[in-house]
Amino acid sequence: MLRIDSNRPTYLALRQRWAHYLTVFVALSLIIGGLALRSQIQSAVTRYVDTRIGIEAAYPANWLIETNVDDVAFRVRNMALAGYKSNIQITVRPVSGETTERNIGDQLALERSLVLTDYRVISVEDFDLNGQRAQAITYTYASQESSPFLQGIPIVVEGLDILLIQREQAIVITFRAQAESFESERHYFDRFLQNLEF
Amino acid sequence: MSNYGTTRLLTPSKEEEIYPYHPVWPPVIVISVSLIGVATVSFVFFELFSIQLLPEVNAVLRYAIALLPMLLWLTLAYRPERNVQIPRSRLMTVAIATGFVAASIGLPFTNTVLRPQEWLSLESAVNRIVGYTLTVGVIQEFLKYLVLRFTVWPAEMRIRQDSVAYGLAAAVGYGTVVSLDYVLTYSATVDAVGVRVLTIFAMNLAGSLVLSYGLAETWFSRATPVLLPITLIVAALITGIAIPIRAGFVNPSLALTVSNTRDILGLGFGAALATLPLLVVLFLYNVAETSEKIALRSLSD
Numbered sequence: 001m002l003r004i005d006s007n008r009p010t011y012l013a014l015r016q017r018w019a020h021y022l023t024v025f026v027a028l029s030l031i032i033g034g035l036a037l038r039s040q041i042q043s044a045v046t047r048y049v050d051t052r053i054g055i056e057a058a059y060p061a062n063w064l065i066e067t068n069v070d071d072v073a074f075r076v077r078n079m080a081l082a083g084y085k086s087n088i089q090i091t092v093r094p095v096s097g098e099t100t101e102r103n104i105g106d107q108l109a110l111e112r113s114l115v116l117t118d119y120r121v122i123s124v125e126d127f128d129l130n131g132q133r134a135q136a137i138t139y140t141y142a143s144q145e146s147s148p149f150l151q152g153i154p155i156v157v158e159g160l161d162i163l164l165i166q167r168e169q170a171i172v173i174t175f176r177a178q179a180e181s182f183e184s185e186r187h188y189f190d191r192f193l194q195n196l197e198f
Numbered sequence: 001m002s003n004y005g006t007t008r009l010l011t012p013s014k015e016e017e018i019y020p021y022h023p024v025w026p027p028v029i030v031i032s033v034s035l036i037g038v039a040t041v042s043f044v045f046f047e048l049f050s051i052q053l054l055p056e057v058n059a060v061l062r063y064a065i066a067l068l069p070m071l072l073w074l075t076l077a078y079r080p081e082r083n084v085q086i087p088r089s090r091l092m093t094v095a096i097a098t099g100f101v102a103a104s105i106g107l108p109f110t111n112t113v114l115r116p117q118e119w120l121s122l123e124s125a126v127n128r129i130v131g132y133t134l135t136v137g138v139i140q141e142f143l144k145y146l147v148l149r150f151t152v153w154p155a156e157m158r159i160r161q162d163s164v165a166y167g168l169a170a171a172v173g174y175g176t177v178v179s180l181d182y183v184l185t186y187s188a189t190v191d192a193v194g195v196r197v198l199t200i201f202a203m204n205l206a207g208s209l210v211l212s213y214g215l216a217e218t219w220f221s222r223a224t225p226v227l228l229p230i231t232l233i234v235a236a237l238i239t240g241i242a243i244p245i246r247a248g249f250v251n252p253s254l255a256l257t258v259s260n261t262r263d264i265l266g267l268g269f270g271a272a273l274a275t276l277p278l279l280v281v282l283f284l285y286n287v288a289e290t291s292e293k294i295a296l297r298s299l300s301d
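Here the protein sequences come in this chain order: Y and A.
With the first letter of the first sequence counted as 1, position 57 gets the number 57 in this note's numbering; the numbers rise by one all the way through.
With the first letter of the second sequence counted as 1, position 218 gets the number 218 in this note's numbering; the numbers rise by one all the way through.
Derived from the structure by calculation, the hints contain no laboratory data.
Model, not experiment: these values are computed from the prediction.
Incorrect hints may have been included.
[Said to hold, decoys possible] Which chain A residues stay away from chain Y? Per the calculated CB distances, all over 10 Å, these: (1) Pro23; (2) Ile29; (3) Val33; (4) Gly37; (5) Phe49; (6) Leu120; (7) Thr133; (8) Gln161; (9) Leu180; (10) Ala223; (11) Arg246.
[Claimed, not checked] Restricting the straight-line Cα-Cα distance to at most 25 Å, the calculated cross-link-like pairs of lysine to any residue (SDA-like) are: (12) Lys85/Y with Val250/A; (13) Lys85/Y with Ala188/A; (14) Lys85/Y with Leu122/A; (15) Lys85/Y with His187/Y.
All C-beta atoms in this analysis are idealised placements derived from N, C-alpha and C, irrespective of residue type, glycine included.
Isolated chain A, as found in the complex:
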């Protein structure tokens, strides 16, 4: 005779659905926050406390900070791809290719042919924004677009987040070359390098994420053909706005006394640039994915 107790039977646990892709937003956020943290720490140590280090140590720190976005990306975004079921296979290709086009086309064309700082520095604010958008901004984002278009789009686009992952790789590749060029060209202090690297990364990340949204929508939804060029223009405009505004924040105003650069404002601007566009693009991706889910659900119903 069976004997039934009063204890309740446990419901067997549901099998967890394993997400086969490496999530992209956590690395983007962690890299941005880490760079803000490093820029803040270097500012506090070297600007506020005026800590003096040996020149050799300073040089090592400057190069380390310039390479930090790449190191963080390798650790947080590239390496974990090995541990997921469906890895993204061309991340390194995109990062290296973007770095190469930055070093061989982007920087030489901007610094030796266009030289916008020579003819824009005394222009009005509007002219400077338009000028930097049409020169540095467009060239930077168009080169990244070409690399993404001819290496991963659309063959490697399985989900929308692939576009973000490859956009991040492009931003890191291009930004690292620009940061190294800055460190090699100017003998800036460690805190100035920290703030500059943060700004360079933030500009590249914002542009790449906006561009990646255009690429993702062009492939995954029935977006209008105008969307992709619009995202390219917006991405270029972010750079075009960021360069003169950063200069306006950092450069001292004219005074009769000796004036220093206002690095604290540059740090605040870099932090804002690293977070606000990221939040906007994150919102746009969420809207796109939610709309797609609703559309699929209505189709299945």
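Next comes chain Y alone, as it looks inside the complex:
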């Protein structure tokens, strides 16, 4: 068996060195381009205006929008996700002048504990919504929203309600996502809140 000495001199010509420099440069540029494309797609928004309840919002592009379903004035869902679809919704309720955010939170907790499986409030704290005082309630529950024809185990959903009262209306802005991906999806909600006007 012949062996060729692999340690033979392998001097690279200038054009060969440049070929490798260019390849590394091109590859890194393309990867940065990929990250920029991801950022651009993820931050793309669609504007929504509802003069009836007086809100103007920018929700993530490609999310599915539903308006005026039951008591929900506005809801968008991320249909690209498998399993539970992360969603943002706005609910508006008329309230009396003495009603506080805490009252609304307690009422929501009572209602949800009857309809949502294993509903648990994790935290209640003050929240600054673009300079306005609001209350943030974090909670979890088990969802079984998948097709009844498919056998599947419940999904743990984490939710965040931002409650505020304005013009004798209680405005509840809700973000819900699968508990595992709640933090990674949270940036959609933060950007939504930044652009929300009412």
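Given chain Y, work out where chain A should sit, using these hints.
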């Protein structure tokens, strides 16, 4: 007195020129054809005839199919190197190193950091091709390029076909890790695994062969420095095109009735992907080698 008969004297046979390297194209073609065959057989057995096996047997078959490209490569490409005069000594190094970078960098970066399926699935066809090229494609081919560059290029490049052999090793190493990740992540049926493994191998092989052409030309001919980055872009583009097109073929269209995945189209696409780029790269290598022979002949004349 000498007596000469009428029988003609036989011309002594010419000594055969022994080719000292193991040929690379037959293993590439046999592995591709074998994977197409296995995917077709598993499709016919499990999809058309709906053959039911014990879950344990199914699991073994799924892992066996995921490891099949590596087993075929060991049998048809790696082991025969022992029987030739001048073997390629770093094939296993390249296969293992590529597998390691796939498992430690490529897959984690793609699946946990970039997660292209989450933000590209609802985009337009062009955006999806560009997106997958700039994420999965570039990372996959750039990692393979780095492994080849720092393990075998140019020290182990004696003939152009060395680049193909090491490119095949890189494709098998990377593809095996991606296939195992698929089997471990999804509890797919045997026929779905067969089609997916074929597609993964075909994508990796096509990309690696295009990249290996760039590496070979950069070392053996006076190629422009732009050729190597162009081959990297083309290799990434093959992956970028293949992923959304395969999904388009396999995923059912929206209908009011219950729809199944169209695995037969996925199988056809995998077979086309395993053969067409291979033929194109084979043609390019033939052109390069013929041009070199003509140039050498004109020099000697």
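Hint check results:
1. Pro23: Holds: least Cβ distance 16 Å, greater than 10 Å.
2. Ile29: Ile29/A is indeed farther than 10 Å from all Cβ atoms of chain Y, at 26 Å.
3. Val33: 30 Å, holds
4. Gly37: 32 Å, holds
5. Phe49: For Phe49/A, whose nearest Cβ neighbour in chain Y is about 25 Å away, the distance exceeds 10 Å, so it holds.
6. Leu120: Leu120/A is in fact no farther than 10 Å from some Cβ atom of chain Y, at 7 Å.
7. Thr133: With a cut-off of 10 Å, Thr133/A comes too close to chain Y, as the shortest Cβ separation is near 8 Å.
8. Gln161: At roughly 14 Å from the nearest Cβ of chain Y, Gln161/A sits farther out than 10 Å, so the non-interface label holds.
9. Leu180: Per Cβ check, Leu180/A is outside 10 Å of chain Y; nearest 21 Å; holds.
10. Ala223: 7 Å, violated
11. Arg246: Arg246/A clear of chain Y: closest Cβ-Cβ about 18 Å, beyond 10 Å.
12. Lys85/Y with Val250/A: Between Lys85/Y and Val250/A the Cα gap is close to 23 Å, so the pair holds against 25 Å.
13. Lys85/Y with Ala188/A: 23 Å, holds
14. Lys85/Y with Leu122/A: 14 Å, holds
15. Lys85/Y with His187/Y: 15 Å, holds
In this structure, the hints that do not hold are numbers 6, 7, 10, in rising order.
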